[in-house]
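Those sequence lines, one after another, are chains F and X.
Take the first sequence: its letters are residues 1 to 73, numbered as in the numbering used here.
Take the second sequence: its letters are residues 74 to 285, numbered as in the numbering used here.
Keep in mind that a hint or two might mislead.
[To be verified] Residues from chain X shown here face chain F by an in silico Cβ test under 7 Å; the list is partial:
1) 116
2) 203
3) 264
[What the hints assert, rightly or not] Quick partial rundown of chain X residues pointing at chain F, CB under 8 Å, derived from the structure:
4) 110
5) 112
6) 114
7) 118
8) 119
9) 167
10) 169
11) 170
12) 172
13) 190
14) 199
15) 210
16) 262
These are computed hints drawn from the structure, not numbers from a lab.
Just so you know, these numbers come straight off a predicted model, no measurement behind them.
Here a beta-carbon is modelled for each residue, glycine too, at the ideal position from N, C-alpha and C.
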Amino acid sequence: MNARERLARFLRTDPRDVGCDEAMAVLHVYADLVAHDAGAATERYPGVAAHLAACGPCREDLTGLLAALSGDV
Amino acid sequence: MERVAGLDDESAEWLRLLDPSAADHRAGLDRLHERLLRIARAEVRRRTARIVGPEVDDLAHQAAADAMLAILAKRDTFRGESRFTTWAYRFVILEVSSKLGRHFWRNPPAPLDDEQWERLPDRLGVDPHEHAEARHLAEVVRAAVDETLTEHQRSVFVEVVLHGLPLDALCARDGVTRSAVYKTVFDARRKIRAALVANGYLDPSVRQEESS
Ligand SMILES: [Zn+2]
């Protein structure tokens, strides 16, 4: 990817992106879905998936929650 | 407490334990706290190597204690949309996030006096071999920022994107929500992109459906 393509990718915003509050509000439901089938999570919550693809801190929270769950079983 | 319909056995057992009228309520609280503490410790370690030794424990204890309070205060709002443990662990993960944001300021990097626009290409992962294009890119973005962003959008964009300040650290410092900071950067990205498409630097045909 060249410089311009990288910039374009960074600036691109997804109109489906629901933002942090809405993503965090369903993070537990989303995480349980991901734990079973990542595709099902994206399908049921496309706006949350779009948000997690763009928001590092929320994605980090999901990763942490999934790590906690995997240690739990 | 109202019984949540269709709950798995383990979640139902947790709800029973958290009911203050349960004979083994105290033991249940201890068990939950022990788990939250274990998760908080692992999460602090997973996220940062900057915190070590007793500070990890300190932070983990605070996160577990605050998560415990939140869980007890909100347990009646648990609707069984996930397993109880997933719902409960979310609180401790979010506590670790916000506590790390605050902790950042205990040992912050040296403040930057100027906006370091030459850092932008690096922040975007541009190949260092492309230095001529990288310099040009930094200039056009800077011009778009000057021309389209509000003062607030500009300062958040500079701190988060250019200087790499963690979002949660900015939230802790300014007393704002992550959601508000994210939205500010989101709007800034959208406005910069529109300006760069308008002046021909970026190709409008790429992902046009997402620019609305
Ligand atoms: Zn977010």
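A quick look at each hint next to the structure:
Because the closest C-beta pair between residue 116 of chain X and chain F is about 5 Å apart, less than 7 Å, the hint holds. This hint holds: residue 203 of chain X has a C-beta 5 Å from the nearest C-beta of chain F, less than the 7 Å allowed. With a least beta-carbon distance of about 9 Å to chain F, the hint placing residue 264 of chain X at the interface is violated under the 7 Å criterion. With its C-beta approaching chain F no nearer than about 12 Å, residue 110 of chain X sits outside the 8 Å limit, and its interface hint is violated.
Residue-level restraint check for residue 112 of chain X holds (minimum Cβ-Cβ distance to chain F is 4 Å; threshold 8 Å). For residue 114 of chain X, the interface hint is violated, since its Cβ never comes within 8 Å of a Cβ in chain F; the closest pair sits about 11 Å apart. Evaluation of the residue 118 of chain X hint against chain F yields a violated restraint, the C-beta minimum of about 11 Å exceeding 8 Å. Nearest Cβ of chain F to the Cβ of residue 119 of chain X: about 6 Å, under the 8 Å cut. The hint holds.
With its C-beta approaching chain F no nearer than about 6 Å, residue 167 of chain X sits inside the 8 Å limit, and its interface hint holds. With its C-beta approaching chain F no nearer than about 7 Å, residue 169 of chain X sits inside the 8 Å limit, and its interface hint holds. Taking 8 Å as the C-beta cut-off, the interface hint given for residue 170 of chain X holds, the closest approach to chain F being about 6 Å. Restraint check, residue 172 of chain X versus chain F: the minimum CB separation of about 13 Å is more than 8 Å; hint violated.
For the restraint placing residue 190 of chain X at the interface with chain F, the shortest Cβ-Cβ distance is roughly 13 Å, beyond the 8 Å limit, so the hint is violated. Annotation: residue 199 of chain X was flagged as interfacial toward chain F, and the flag holds, the nearest CB pair being 4 Å apart, inside 8 Å. The beta carbon of residue 210 of chain X is positioned within 8 Å of a beta carbon in chain F (closest approach about 5 Å), and the interface hint is therefore held. Hint status for residue 262 of chain X: holds, given a least beta-carbon distance of 5 Å to chain F, under 8 Å.
Going through the hint list in order, the structure does not satisfy hints 3, 4, 6, 7, 12 and 13.
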